[in-house]
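J.: Sequence:
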Amino acid sequence: MSRLLSRNSTLVYPDYGMFQIFDCEDYDDTAPVPGRNDFSAGECSVYLRSLQTNVLVHLDLESWESEPAWNGEEWEGSHTAVIELATGVVGVNEITAGGQHDLLTLPAPGRYRVRAAHRNRRVVSKAYMALFDRFEDVHGPGFTAAARDLEGREQYLAQFWPEP
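0 is the number of the first residue of the sequence shown in numbering that gives the first Met the number 0; add one for each residue after it.
Simulated from the structure, these hints should not be mistaken for lab results. Bear in mind the structure is a predicted one, so any value in this text is a computation, not a measurement. Treat the hints with care, as some may be off.
Pairs of lysine to aspartate or glutamate, DMTMM-like flavour, derived with a Cα cap of 20 angstroms [said to hold, decoys possible]:
id: 1; residue 1: LYS125; residue 2: GLU75
id: 2; residue 1: LYS125; residue 2: ASP136
id: 3; residue 1: LYS125; residue 2: GLU150
id: 4; residue 1: LYS125; residue 2: ASP148
id: 5; residue 1: LYS125; residue 2: GLU135
id: 6; residue 1: LYS125; residue 2: ASP25
Taking CB as the label site, the calculated pair distances span [claimed, not checked]:
id: 7; residue 1: SER1; residue 2: ALA144; range: 35 to 45 angstroms
id: 8; residue 1: PRO161; residue 2: GLY141; range: 46 to 56 angstroms
id: 9; residue 1: GLU135; residue 2: HIS100; range: 33 to 43 angstroms
id: 10; residue 1: TYR26; residue 2: ASP59; range: 14 to 24 angstroms
Beta carbons: idealized from backbone N, C-alpha and C, even for Gly.
Kindly generate the complete structure, drawing on both the sequences and the hints.
T.: Have a look at this one:
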């Protein structure tokens, strides 16, 4: 049985409907953007795709001793890739919105499997689009508060464990 070593959570802005998980000291420009796919991987990073651009999403990052047990029924989709992490310090690139650094420190630099999963993408996207019908002023306090209430409902999980 695998043991959870560390965990961190954050809200992420899915700029252009996506965000990238990468090694903080070794930015990866080899990863293809996901396009219509919900996931893409390069040599040193992965992209996750949201179905919307304007609502912050919840991301859990986890470091495991070995491959953790998996109950895929709790998630709408998941993918696993192998990436090289030069320092083992993980961050998130929010594209033009900037980045969040030092979110998770893995036990050592090296090759890791990363399982990325998502849920509630369609629900949040649909709820956000419905706000345009509910509110006449999209810059007003009602629209802003309703959009803020959606923050964190779209969820992502990234689990890391050493490549055997």
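J.: Taking the hints in turn, state whether each one holds.
T.: Hint check results:
no. : hint                                 : result
1   : LYS125 to GLU75                      : holds (16 angstroms)
2   : LYS125 to ASP136                     : holds (19 angstroms)
3   : LYS125 to GLU150                     : holds (13 angstroms)
4   : LYS125 to ASP148                     : holds (14 angstroms)
5   : LYS125 to GLU135                     : holds (17 angstroms)
6   : LYS125 to ASP25                      : violated (36 angstroms)
7   : SER1 to ALA144: 35 to 45 angstroms   : holds (41 angstroms)
8   : PRO161 to GLY141: 46 to 56 angstroms : holds (49 angstroms)
9   : GLU135 to HIS100: 33 to 43 angstroms : holds (40 angstroms)
10  : TYR26 to ASP59: 14 to 24 angstroms   : holds (22 angstroms)
Checked against the numbered hints given earlier, the structure breaks only hint 6 and satisfies all the rest.
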